[in-house]
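Novice: With the sequences and hints as input, model every part of the structure.
Each chain, written out:
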Amino acid sequence: MTVRLTALHEAIDKVMPEVDGVIGVKSNPNGIVAPHLFLSSHPDDLAALAIWPKEPVPDTLKLIQRAHPEAKLAVVCRGCEERGLVEMAKHSQVDLSKVTLIGLACSQEEAEFCRCAKPYTVHAQMTVGERIEGVPDPLTDAFAAKSREEKLAFWKDQFEHCIKCYGCRSICPQCFCNVCTLEDEKWVETGRLPMPNPPMYHMIRAMHMTAKCVACRECEETCPADIPMAIHFRLIARDVKEMFNYETGAVIDQKPPQLLVLEEGEYERTGLPH
Amino acid sequence: MYEPKIIGFLCNWCSYRGADTAGMARLKYPPNVKIVRVPCSGRISPELVLRSFREGADGVMVLGCHIGDCHYSTGNHRTAKRMPILKKLLEYTGIEPERLYINWVSAAEGEKFANVIHEFTETIRALPPITEVMK
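Those protein sequence lines, which keep their order, are chains A and B. The end of the first sequence is residue 274 by the working numbering, with every number in the run present. The end of the second sequence is residue 135 by the working numbering, with every number in the run present.
You may find that some hints are simply not true.
Covered by chain A, according to a simulated footprint, are these stretches of chain B (three or more residues, beta-carbon under 8 Å) [stated by the list, open to error]:
#1 45 to 51
#2 88 to 96
#3 99 to 108
Hints are computed from structural coordinates only; laboratory data are not their basis. Backbone N, C-alpha and C define an ideal beta-carbon position, used for all residues, glycine too.
Specialist: Structural data, given as structure tokens:
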């Protein structure tokens, strides 16, 4: 058992008496790792507590809160999952007032696997593991350096493999609308493969991820065609930071810029005519 | 030489009236722009712009009231927040961001309207047709 897993066990044992349950990741006998609600009435479950791979824990919390709005819960979350929870709370998808966050710092290998710039939690009440600094994102940087023609060719090549399974939309912690634009025949035609050009599905999704994507890379992980679509989201996130000075998940009471009117000095940074 | 196809989304309260003013002043401007009147420039979702490109528009222009003059107070703030991001997205997808044009034209600015259309039509004419880019 690694040091981090031992520390996580200790943190869960400490918080368990104060809450109704702890959401974490459990490895099942069949080898499948999945999110799990650990309860004090089932202490044996904790023996199978796992930390890797990461699973969509924010969505699990949302589902449990929908069914049990009064439940006091604790969540084991990584940096990206914490950002996801903060953004979901801003859009009234989860209620963080009854939730204890147990922050789990990512290891160097995990951060490099996710090309993560912030592999640590900032709001969590307790933290587990050694905090490491963010790693660069070579894939996005290499893409940004390409010429226009190369970018077009890159995406044409990538989106050719897209089977429009909607997996990236369904796994995304920030995609929670009841009525989804991507299911509207006007914008995305059903049954049309390969993707038309311009790739409506992916461009609409990238637009909807503006100031919402928390860079958790769940979409890339779930994609059966291994499309690196997070490149789009991460480049836009850099622009949102520059134009509207907004970073997802950084400040709990800062509203997303797309929901607000223009503020002093913001217009000048958008590059629009005067 | 090809004739570019341009879709112009004009807000009902300022830019569409501006186009009227240009017409009443008998100002000449290229006939490439097909004007669509919308209640507010904030109505223009990225989906509408993207679908215009998919259907073969070589350029899309979104004209609205000047910031502060919106009929619905802050409708054009949405445009000002959404469209720069969409321009960036076009760039990241490999489509020339110049194909999307945003400006503010008030009801009195008939001359500005004609100039804007001239300018944008020439910009688009210098680019290859979108059907060739998107092949």
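Novice: Check whether three or more residues of the segment 88 to 96 of chain B sit with their beta carbon closer than 8 Å to a beta carbon of chain A.
Specialist: With 8 residues in contact (Cβ-Cβ under 8 Å with chain A), the coverage given for the segment 88 to 96 of chain B holds.
Novice: Within the segment 45 to 51 of chain B, is the number of residues with a Cβ closer than 8 Å to a Cβ of chain A three or more?
Specialist: As far as the segment 45 to 51 of chain B goes, the hint holds, because 4 residues have Cβ atoms under 8 Å from chain A.
Novice: Count the residues of the segment 99 to 108 of chain B whose CB lies closer than 8 Å to any CB of chain A, then report whether that count reaches three.
Specialist: holds (count 3)
Consistency note: the structure conflicts with none of the earlier hints.
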